[in-house]
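Peer 1: Here is how the chains run, residue by residue.
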Amino acid sequence: MEDNAKMEQFQQRIDAGEKIEPKDSMPEKYRKQLIRMISQHAHSEIVGMLPEGNWITRAPSLQRKLSLIAKVQDEAGHGLYLYCAAETLGIDRDELVQQLLDGKAKYSSIFNYPTLTWADIGVIGWLVDGAAIVNQTMLAKASYGPYSRAMIRICKEENFHKRQGMEIVATMAAGVPAQKKMAQDAVNRWWWPSLMMFGPHDSDSPNSGVLLKWKVKTKTNDELRQRFVNLTVPQARAMGLSIPDPNLKYDPETKNWNFGEIDWDEFYQVIKGNGPCNEERIEARRKAHRDGAWVRDAAAAYAAKHADKSNVA
Amino acid sequence: MSEQKKSTAPDSGDGALWEIFVQEKQGAPHLHAGSLHAPDAEMALQNARDVYARRGRVLSIWVVPAVAITASSPEDDGPFFEPGNDKVYRHPQFYKVPRGVKVF
Ligand SMILES: [Fe+2]
Ligand SMILES: [Fe+2]
Numbered sequence: 337m338e339d340n341a342k343m344e345q346f347q348q349r350i351d352a353g354e355k356i357e358p359k360d361s362m363p364e365k366y367r368k369q370l371i372r373m374i375s376q377h378a379h380s381e382i383v384g385m386l387p388e389g390n391w392i393t394r395a396p397s398l399q400r401k402l403s404l405i406a407k408v409q410d411e412a413g414h415g416l417y418l419y420c421a422a423e424t425l426g427i428d429r430d431e432l433v434q435q436l437l438d439g440k441a442k443y444s445s446i447f448n449y450p451t452l453t454w455a456d457i458g459v460i461g462w463l464v465d466g467a468a469i470v471n472q473t474m475l476a477k478a479s480y481g482p483y484s485r486a487m488i489r490i491c492k493e494e495n496f497h498k499r500q501g502m503e504i505v506a507t508m509a510a511g512v513p514a515q516k517k518m519a520q521d522a523v524n525r526w527w528w529p530s531l532m533m534f535g536p537h538d539s540d541s542p543n544s545g546v547l548l549k550w551k552v553k554t555k556t557n558d559e560l561r562q563r564f565v566n567l568t569v570p571q572a573r574a575m576g577l578s579i580p581d582p583n584l585k586y587d588p589e590t591k592n593w594n595f596g597e598i599d600w601d602e603f604y605q606v607i608k609g610n611g612p613c614n615e616e617r618i619e620a621r622r623k624a625h626r627d628g629a630w631v632r633d634a635a636a637a638y639a640a641k642h643a644d645k646s647n648v649a
Numbered sequence: 002m003s004e005q006k007k008s009t010a011p012d013s014g015d016g017a018l019w020e021i022f023v024q025e026k027q028g029a030p031h032l033h034a035g036s037l038h039a040p041d042a043e044m045a046l047q048n049a050r051d052v053y054a055r056r057g058r059v060l061s062i063w064v065v066p067a068v069a070i071t072a073s074s075p076e077d078d079g080p081f082f083e084p085g086n087d088k089v090y091r092h093p094q095f096y097k098v099p100r101g102v103k104v105f
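Just so you know, the sequences run in chain order A and B.
Per the working numbering, residue 337 is the first one in the first sequence, and the count goes up by one each step.
Per the working numbering, residue 2 is the first one in the second sequence, and the count goes up by one each step.
If you are wondering where the hints come from, they were derived from the structure by calculation, not from laboratory data.
Predicted, not measured: the structure shown is a model, and the values here were computed from it.
Note that the Cβ used here is the ideal one computed from N, Cα and C, for glycine as well.
Treat the hints loosely; a few may be bogus.
Stated by the list, open to error - What follows is a list of derived Cβ distance ranges for each label pair:
| hint | chain 1 | residue 1 | chain 2 | residue 2 | range |
| --- | --- | --- | --- | --- | --- |
| 1 | B | Arg50 | A | Pro542 | 40 to 46 Å |
| 2 | A | Ser539 | B | Ser61 | 27 to 33 Å |
| 3 | A | Met343 | B | Arg100 | 48 to 54 Å |
Said to hold, decoys possible - The following residues of chain A were derived to be distant from chain B, with all beta-carbon distances above 10 Å:
| hint | residue |
| --- | --- |
| 4 | Gln347 |
| 5 | Ser361 |
| 6 | Ala572 |
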């Protein structure tokens, strides 16, 4: 479909707000960009289970434990919806999973930071899922039908993630001084990595132009980041927590919370694999995959045996 | 039947692809919820329960091997669906009723 007339036709469909479905003709670059984006998103959901899974056995109460298990299970589901959406573009899930296990796939840099205390679990729900919601609410309108539908399903579940996180943070922030200190410490460590989740500045984001043109995204990284900051600062204040940014200042004219510059060196280091937990995360995935092999084998053998039996009958 | 067997047989690891249809209200149609991989129908059903019925009320789930679905292709758009578009007389608005008469 690479000739100009077809390209023009495709752009017209996009501009008219039509959704593109798997069997529709689409530019090869649109397909490639979507596979890249959706698979990275899927990997992020899967790897994202690890920092939180780390605290399931140590949750401070049965209710918190149940909530955390439910959240982590949701994230597995999110990964599954997204791998399926990627598969509609003609790539196998096995191939994508293999890329992740080989350490060749990218996923959100945020999940390469460690979860040191229970407060981190609250702050992840509040900030990390909060940032994800801002991004995903936009992606629910993406021009590619299967991606958009997966996002709508995911958005419905994310609210619970954010609220359970906020409840943990608010409880600790209103607790004894040691608890409040722990909550503040978690905010201090997670704030900047959360802002990095939205990706580089628009001016340094190589894929942004074409993604906007094809309405895979409808807002820029910087617009989404600003929206997240505007939403979050008042929440932090309401809980009596401070944001670790001396340059944070409200601008009554634009109604935006202006904020300081992100440490982009850190961002690119973590993306390149030099974050605090990159290796640990991939190794945990590999181990889970290895340890689960017998389950997959048994299920396949059982299915094959039953298929044979019903053949005879 | 042997065709179908083949389709649901395990592939390289996670099993074949299944399309999942979920009914959320009594009397409502089953709607496509998404897809998943499973080695057989029984596991597809269990996985579908875990993935697409985690919360809220679900009354019934259908799992269908993806390869068993034959879909119209986008190129068909014009000619294939034409009969539905060009017959205005299939719509009630096409017919005039006497002024002041209540049809229902
Ligand atoms: Fe998620
Ligand atoms: Fe989440």
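Peer 1: For each hint, tell me whether it holds in the structure or not.
Peer 2: Hints versus structure:
no.	hint	result
1	Arg50(B) / Pro542(A): 40 to 46 Å	holds, 42 Å
2	Ser539(A) / Ser61(B): 27 to 33 Å	violated, 51 Å
3	Met343(A) / Arg100(B): 48 to 54 Å	holds, 53 Å
4	Gln347	holds, 17 Å
5	Ser361	violated, 7 Å
6	Ala572	holds, 29 Å
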